[in-house]
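**Q** One-letter residues, chain by chain:
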Amino acid sequence: MLIIQGAVSLGLIFSLMAIGVFLSFRILKMPDLSVEGSIILGAGMAARLVAGGVNPFLATAFAMVIGCLAGLVSGILHTKLKIPGILSGILTMVASYSIVIRIMGTSNVPLLPHGPQRVVSVFTFLTDAGLSRPNAIILFSLVIVIVASSLLYCFMGTEFGSAIRATGNNQQMVRAQGINTDVMIIACLMLSNGLVALAGALWAQQQGFASVDMGIGTIVVGLASVIIAEVLFRPRMFWTSLIAIVIGSIIYRLIIALALSVDFMRPTDLRLVTAIIVTIALCMPLIREKGAKIFARRVK
Amino acid sequence: MLNIENIHITFEPGTPIEKHALNGVSLSLERGDYVTVIGGNGAGKSTLLNITAGTLFPDKGMVSVDGVNITHMPEYKRAQYLGRVFQDPRRGTATDMSIEENLALAYRRGKTRGMRWHINNKERGFYQERLATLELGLENRLSDKVGLLSGGQRQALSLLMATLKEPKVLLLDEHTAALDPKTAKKVLELTNKIVNKYNLTTMMVTHNMRDALKNGNRLMMMYEGNIILDVKGEEKANLTVQDLLKMFETASGEEMASDRMLLT
Ligand SMILES: Nc1ncnc2c1ncn2[C@@H]1O[C@H](COP(=O)(O)OP(=O)(O)OP(=O)(O)O)[C@@H](O)[C@H]1O
Ligand SMILES: [Mg+2]
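The listed protein sequences correspond, in order, to chains A and B.
First residue of the first sequence? That's 1 in my numbering, and the numbers climb one at a time after it.
First residue of the second sequence? That's 1001 in my numbering, and the numbers climb one at a time after it.
Just chain A, with the same shape it has in the complex:
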């Protein structure tokens, strides 16, 4: 039960990050690695501000803003300075490590402004209302995920959003239709990294601290959720993709929790397990095809 609770709350929080990864990798079709930077920027910003006594909601909003800024930087590097997408993401990511230490002051910030017993966070108002902390985290994250996905769905259905989706498809055509593709790319990266930073901010408040190295491997976790969603549900519409990713993110956490509950596994094996999950998920089409062939042979 505890395992499931933990998996669901982390799954929900990280589904925001996975949706961000989905926006850049799948909608824009640009492998944007700045995500690794924006998750810690979001976490670090929220932690520092909350620890400094700032209202946690305001702190979370600031975290999103700095995530958007990271996206802006990647976008400008890519569109205006013509640096390949993957490299502009890496540059932003690397720079983020220094910046987040500047923001936090050290490499690890606990969220304990009110003495060691009491961590104030966006979840506090729910625990004050009588919810257990795990339930408060799940409820709050669920609401945020629903609100964020709904807003995103509406945004992607506007003329502007439609132009972003088309940009990921065919930039040449989009320009021929009078749309500035640079603006669309930058906007999508800002949105994507803003969501990732929001996930980072919630994550820091969920675990009660932020540290520089907590972001390593984020991109693979995000991809894992997206790919699990695609393999299991094969979503065809934008809104079904969003729902599938949220479920995919929770499933990913459950798989991780189960794998790590095996005796000889260590918590530090997490990233190894993640890499294996992604590999398996990526091979699914191949496995299906081979499997179908073997099956067909048997039947004959």
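You may find that some hints are simply not true.
What the hints assert, rightly or not - Sample of chain A residues at the chain B side, in silico, Cβ under 10 angstroms: (1) T158; (2) S162; (3) T181.
Claimed, not checked - In silico SDA-like pairs for lysine to any residue, Cα to Cα no more than 20 angstroms straight-line: (4) K1122/B <-> S1098/B; (5) K1236/B <-> A1251/B; (6) K1145/B <-> G157/A; (7) K1145/B <-> F233/A.
Claimed, not checked - Label pairs and their computed distance ranges (CB to CB): (8) G1151/B <-> I146/A: 34 to 44 angstroms; (9) E1129/B <-> K290/A: 42 to 52 angstroms; (10) L272/A <-> E1129/B: 51 to 61 angstroms; (11) I276/A <-> D1144/B: 51 to 61 angstroms.
Keep in mind that the hints were calculated from the coordinates and are not lab data.
Glycine included, every Cβ here is placed at the ideal spot set by N, Cα and C.
We have chain A; now place chain B with the ligands onto it with these hints.
**A** Chain B with the ligands alone, transformed into the frame defined by chain A:
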């Protein structure tokens, strides 16, 4: 309508593969002119269209549409004046999006994209009407992904998208070359139908001399970055393929060798 003055462009200047692709090209299209452009491989036809469309910028010279100087205007800005169909059917449409979404994008050419919903019901009726004129049954498939369409269907859709919001100039660069002969004929017929109906100023590059002679009111031949022939109206109507071949030989001083320019 379209004015091109003394355009020069050199690719890879200062290298052994330096190529003076356009050599002081000038032309002027009247409103409603439908000019077919022929010429051998590498004559500069695509380069001329790309400079007009803003995917390339000239080293020298000026391009203007309806009196507006667009020589240095970025591609997406001048798109408000231009409709384009590319040779490759995949380049003109967004594959993962539906037919109606593609049309809605095209219908807003030249407008800023805001926070309004990307399509409304009134438009849908209009799109169905226009799709019906293609006679491909696409009017019943508004929400189908464009990726599901055949090359010919996609090219017909591209043509519709390029002309949905009437362009001042329509640019067609071998837009039937990637299609099988029967489909190519159909798309060319559609092109004529649309161009004539809206009296569009059109520049159409083709490798098929017969098509070049049969369509439009004006014909241009290019050779090594120059326009070596520009005929209109009566004069054009009386031209034959033999005339074209002879003119090419006198102008270039060599036999017509390019197989792509031979009759097909
Ligand atoms: N981006 C480029 N870089 C270098 N050279 C180029 C570039 N684009 C075109 N060229 C060269 O410029 C010349 C004109 O090319 P262009 O594409 O305009 O010819 P075309 O008349 O359209 O020929 P085709 O019938 O083969 O399409 C060719 O020699 C071509 O190799
Ligand atoms: Mg060409």
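**Q** Hints first: check each against the structure and report whether it holds.
**A** Verification of the supplied hints:
1. T158: holds, 5 angstroms
2. S162: At about 4 angstroms, which falls below the 10 angstroms cut-off, the nearest Cβ of chain B leaves the hint on S162/A intact, so it holds.
3. T181: Holds - the Cβ of T181/A comes within 10 angstroms of chain B, reaching about 7 angstroms at its closest.
4. K1122/B <-> S1098/B: Between K1122/B and S1098/B the Cα gap is close to 17 angstroms, so the pair holds against 20 angstroms.
5. K1236/B <-> A1251/B: holds, 17 angstroms
6. K1145/B <-> G157/A: holds, 16 angstroms
7. K1145/B <-> F233/A: holds, 19 angstroms
8. G1151/B <-> I146/A: 34 to 44 angstroms: holds, 42 angstroms
9. E1129/B <-> K290/A: 42 to 52 angstroms: holds, 49 angstroms
10. L272/A <-> E1129/B: 51 to 61 angstroms: holds, 59 angstroms
11. I276/A <-> D1144/B: 51 to 61 angstroms: violated, 38 angstroms
Consistency with the previously given hints fails for number 11 only.
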